[in-house]
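In order, the protein sequences belong to chains A and B.
First residue of the first sequence? That's 2 in our numbering, and the numbers climb one at a time after it.
First residue of the second sequence? That's -1 in our numbering, and the numbers climb one at a time after it.
These are calculated hints, taken from the structure and not from any lab test.
You can take every hint at face value.
Now the stretches of chain B that chain A is said to cover, found in silico as 3 or more residues with beta-carbon under 8 Å: (1) 26 to 40; (2) 43 to 52; (3) 97 to 106.
Backbone N, C-alpha and C define an ideal beta-carbon position, used for all residues, glycine too.
What follows is the residue order along each chain.
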Amino acid sequence: NAGVTQTPKFQVLKTGQSMTLQCAQDMNHNSMYWYRQDPGMGLRLIYYSASEGTTDKGEVPNGYNVSRLNKREFSLRLESAAPSQTSVYFCASTDGGSYNSPLHFGNGTRLTVT
Amino acid sequence: DAKTTQPTSMDCAEGRAANLPCNHSTISGNEYVYWYRQIHSQGPQYIIHGLKNNETNEMASLIITEDRKSSTLILPHATLRDTAVYYCIVSARGANNLFFGTGTRLTVIP
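The following block holds chain A by itself, in its conformation from the complex (with noise of 0.2 Å):
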């Protein structure tokens, strides 16, 4: 049982450069998530997946599109990569929006910019 998985681990572009990251989950659940973490600060939400078929602006989603591809997989992609994009990323899923459901988390995909 793999849990959530990243792809790629790390990632290196230029600016102007398009890139997809990869997420997909074995534990059949409903929801997903892209946050991402700059140095020294907490996680920061970028967009969300409630359920198959939807998809909701998080906190911080200017620069990036996502798609639901399935119920396993939630994809990030950036269109235009800019140095501000440079960060960790991390997926995440639940079953569920209720208070008895944790987020289980991948290993993030860290991203440069230059």
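For chain A, the structure is supplied; the task is to place chain B on it using the hints.
Just chain B now, with coordinates in the frame of chain A:
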């Protein structure tokens, strides 16, 4: 969601209990207290949550004061592997949009 205040850092001797405080003086009646931790370079890990009663699981205990304005996470016998950043989060919306602040950096000392 109510804001939380945690100490920036704490030390604890290996084998002793680690008591991590959290103030949430503006907590509402329907808001839960959640604790997560993040070990260096890994994704955050859920520890425990509660509403008003004290809670215990295999990882930790959560003590919430009667007025619910503060809580304490207790790791009963800290090990070196418990060195991490611990986040106290208060939310009424379950797992949707939990606000992770900067947490408490706990260092367990041999």
